[in-house]
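Chains as they are written, first to last, in the working numbering: chain P, 11 to 306; chain A, 11 to 306; chain V, 11 to 306; chain X, 11 to 306.
Bear in mind the hints are in silico, worked out from the structure with no lab data behind them.
Computed from a predicted structure; not experimentally measured.
Warning: the hint list may mix true and false statements.
Given that identical chains are not distinguished, each listed pair holds provided it fits within a single copy or across any two copies.
[Unchecked claim] With a cut-off of at most 20 Å between alpha-carbon atoms, the simulated SDA-like pairs for lysine to any residue come out as follows:
| no. | residue 1 | residue 2 |
| --- | --- | --- |
| 1 | LYS150 | GLU244 |
| 2 | LYS302 | ASN111 |
| 3 | LYS302 | SER179 |
| 4 | LYS302 | LEU112 |
| 5 | LYS302 | SER187 |
| 6 | LYS302 | SER177 |
| 7 | LYS302 | VAL180 |
| 8 | LYS150 | GLU270 |
| 9 | LYS150 | VAL31 |
| 10 | LYS150 | GLN246 |
| 11 | LYS302 | GLY110 |
| 12 | LYS287 | ALA67 |
| 13 | LYS287 | GLY265 |
| 14 | LYS287 | ALA29 |
| 15 | LYS300 | PRO267 |
| 16 | LYS302 | THR231 |
| 17 | LYS287 | PHE184 |
| 18 | LYS287 | GLY182 |
| 19 | LYS302 | GLU175 |
4 protein chains.
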Amino acid sequence: MTSPSIPRVGIVAKRGLTAAVEHLVQLVAWLTTRGVSPVCEVDTHALGAGRLSCATASREDLPRVVDLIVVLGGDGTLLGMADRIGQAGCDIPILGVNFGNLGFLTEIRISEVYDSLEAVLAGTATFDHRLMLAAEAERKGRVFDSRIVLNDVVFTKTALSRMIELSVSVSGRFVTSVRADGLIIATATGSTAYNLAAGGPIVHPLVDAFVLTPIAPHTLTNRPVVIPGSCVVEVQPQLNGAPEDSFVTYDGQSGYPLQEGDVIRVQRASATLRLVKPPARGYFELLREKLKWNER
Amino acid sequence: MTSPSIPRVGIVAKRGLTAAVEHLVQLVAWLTTRGVSPVCEVDTHALGAGRLSCATASREDLPRVVDLIVVLGGDGTLLGMADRIGQAGCDIPILGVNFGNLGFLTEIRISEVYDSLEAVLAGTATFDHRLMLAAEAERKGRVFDSRIVLNDVVFTKTALSRMIELSVSVSGRFVTSVRADGLIIATATGSTAYNLAAGGPIVHPLVDAFVLTPIAPHTLTNRPVVIPGSCVVEVQPQLNGAPEDSFVTYDGQSGYPLQEGDVIRVQRASATLRLVKPPARGYFELLREKLKWNER
Amino acid sequence: MTSPSIPRVGIVAKRGLTAAVEHLVQLVAWLTTRGVSPVCEVDTHALGAGRLSCATASREDLPRVVDLIVVLGGDGTLLGMADRIGQAGCDIPILGVNFGNLGFLTEIRISEVYDSLEAVLAGTATFDHRLMLAAEAERKGRVFDSRIVLNDVVFTKTALSRMIELSVSVSGRFVTSVRADGLIIATATGSTAYNLAAGGPIVHPLVDAFVLTPIAPHTLTNRPVVIPGSCVVEVQPQLNGAPEDSFVTYDGQSGYPLQEGDVIRVQRASATLRLVKPPARGYFELLREKLKWNER
Amino acid sequence: MTSPSIPRVGIVAKRGLTAAVEHLVQLVAWLTTRGVSPVCEVDTHALGAGRLSCATASREDLPRVVDLIVVLGGDGTLLGMADRIGQAGCDIPILGVNFGNLGFLTEIRISEVYDSLEAVLAGTATFDHRLMLAAEAERKGRVFDSRIVLNDVVFTKTALSRMIELSVSVSGRFVTSVRADGLIIATATGSTAYNLAAGGPIVHPLVDAFVLTPIAPHTLTNRPVVIPGSCVVEVQPQLNGAPEDSFVTYDGQSGYPLQEGDVIRVQRASATLRLVKPPARGYFELLREKLKWNER
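Please model the complete structure; the sequences and the hints are all you need to start from.
Structure, rendered in structure tokens:
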């Protein structure tokens, strides 16, 4: 029995998550029985220690050779795959499975995996379409790096510097010069991640907007600002003769120091990420559970 | 010289603003010279003490008999007129003039009034379209009050009660039961008013969204939530046997106590409010000036 | 076997707490067996419906006729007794017992009551000495009300007013004019109550200080200020022609409207409140448990 | 005319502050005329480019050879001298002079310098006594660094790490494990510096307490805690296999990475710092001016 629309399913587990091995073995077998070809990411295949009978692909190639990716692990692993999918320009959905703690992104419990997969194969699954940010870093007039992020682009100081200064403009209009520990440009999806710790608001995933949240700003009236999703944000570090003090990081996964004159341009990515929705859990239920709103 | 598109201009001044009288006299004369008929709101006409030669209309009727309203005074006066315009279902713009302190709504300085009016009459003015909220209050299955607000619908406790409890749902999905001093449902326009004092984010007027901000919530993880403009918010007070403890107020102008079982339903109003934009001041310049982001 | 130092023990239960009746019966019997005379507060005695064989006293008199008061219920009930003890000028300790949820004040679980009482009778119990605030309200040069509070003196607006303005001075020096929903003057003990909801800091009970925390201040740089315990705080409402807009409340239990010219003077009370410490739970363990710092 | 109690006055200017040169020349001449021996810090003397006729001393030696130190510049320069004075174990006061912007520490304006110096020489000046923190860093059971700070000891993450985890105990009792961007241990003096940006409270200099303020904590209920000045705080980084991720910095001036097992022990320093008070500006006036509480 084949599923023509989802002939191949990629599988990625969190690095070193040995607790996932039995589930990986079952998942590969289940998919094969269903006439779907499983493709394991290389490190995930190695984690299986020879017990996973399936094709393999690198993290970079995986989005190009499958029609759905199942991520087992935490939100970090899923963020990594979101970037690969965005970079590859592929429009394939992710089914995020958590081990233990419910994640904001890995919402599906291990016990719900097969029901969710059935729904995807049957074409009855529903998807959350999440906006992503496209970031371009320009140095001396040349773009030297570009990224797709699901959560946030973060500007941050080094451990020993006292603060950084960032000149921020939105769609060509100067906003302000932020003197702070840093600045977060978050998507709605990222609003419940680092943004929340820094005092930013929760933004519902269906709001077409981004949040600019300063981290520990020296000007106490600098507050989080929610801007339209159609805006282009440009951030220029003002190093004032202190090179290597300002860094940019993408989804908390990687980054690099900035130089005087660098411009980081951030805007809505043309692609969205599709997340398989869990059977019966809405956004507010997720917030209530993650933020413990019910407990007294 | 007549201006066919704006044949009549309404004029409303803040109650008791005697400093406005000279400006009112000049404004009435200027409009008349330009072939436009000025219509003064009744109290504003009385403020002129016989020096204003023009027709008059009540606050309620004014939106129906003019094509533009000039508001002289503070943001409160403008909020009052916004409600009248919304209630009347008229689509006429407001030109808000401040006396002294720049307002978030009354952005135009007295020195800029005639340039702004020229632009409106010439058809070259630009307008900010601001979303408004329509609120309906239902008791025992019957809608007993409805309002149009520009800034916010606020649920609040009385001075002597310790907190109120509010059951909140968004588009039919239960969100949480808020135990707090109160709850603000703010438009983007209202995000820089009471919402900001209560810890909510600034929301750019072009974002199609509302903010739900709890006031001094007992559950410390209850944080401001930005929701899509297409949502319907329903709030039900949980009085727990303490009648007259929960109030609802509209734009900080008026309100009343709620009873057990009351439902307040809040959603995007069908009409937007059009504000005449000042010649050369963008939204971020307004934020910088009002919030003193430039000062060190 | 008599306990000479604690011959009489007062007992107060939360109003209407029928779940406490069995415990009350046991407690009265246990105390009698131990040669200690139980004295029930009148309403508590009535709650027992004839099953409590012991003397009674009013809430006001109880502190004067016993040597220890056991409070069964929530923090609110304990706050009420703290005021009575302070007003009566008696130096008798409180043993606070919670039903269900651990309280910041009612720290002792029902299962720990008899061990705690044994320790008190044996003279081996340890006590927390908590600073209290003495508040005097002056109108037209005359003190018309005075209170002793354990948690806080709170200035607050009515439901329909937009904000209040309060002129604050500390030990004769003007601090600022607060324009806000209100102002909290909290003890260290009260710092984890309303103060925390309004954004104030946690203050360890051994710090000799009070906290001034504005509630939703319009001036965004108005922040909580911790002042020495030796200070005298004076607050004067600036009613600006809006009578009955500003209220003062004491420990969230009672209060009244203020008039133009009223002065509320708040300082450290001469007496402290002694709380029986639970067997083995320190302050930081209490914070961890109440604020869920351990959960991920 | 000699001043027997203040025979020698040290002078330190902010590095590279050429705007101070004329004032330095005048100050040296004025002191000499008054029979007081000026001693310039070496770099400050060099800044004078041969125009300062006086003895010199290194930053380290200066506190040992003078009876008062005049600091010209910003709060950073003064913080550096406070550490030297603390390290040298000398009890000599500082007179802090600002250039342009009023500082929280350099409160005296250039126009007020000679009146302030007169008062010091005449023995009529008043002093603020500020608590300082003594920090000891221990590795493998050996103290390898010790500091005296006036503002804060700060634990912070590197630019590319996502958060750090710090195990915190107070006077031998475990408080919590903080997962955050970092943690600030601030004096009352430091409460208006970095602590304020991170959301901590203002603490009046006469309160005998310190503040523990987490920076962007992941656990939203982790709030600033004010603890008694008599406490010993111990912080241990939990590196979880990520070496060089956690740093400690002192007064924002210098610092270093921490290793697994390191313990930083922070407590009240035995010495206090004496600051010459400006003629007629109290603490709350300083707050009002610095935080713009008067502006509307």
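Hint check against the structure, violated hint numbers in rising order:
Result: hints 9, 12, 13, 14, 15 break, sorted rising.
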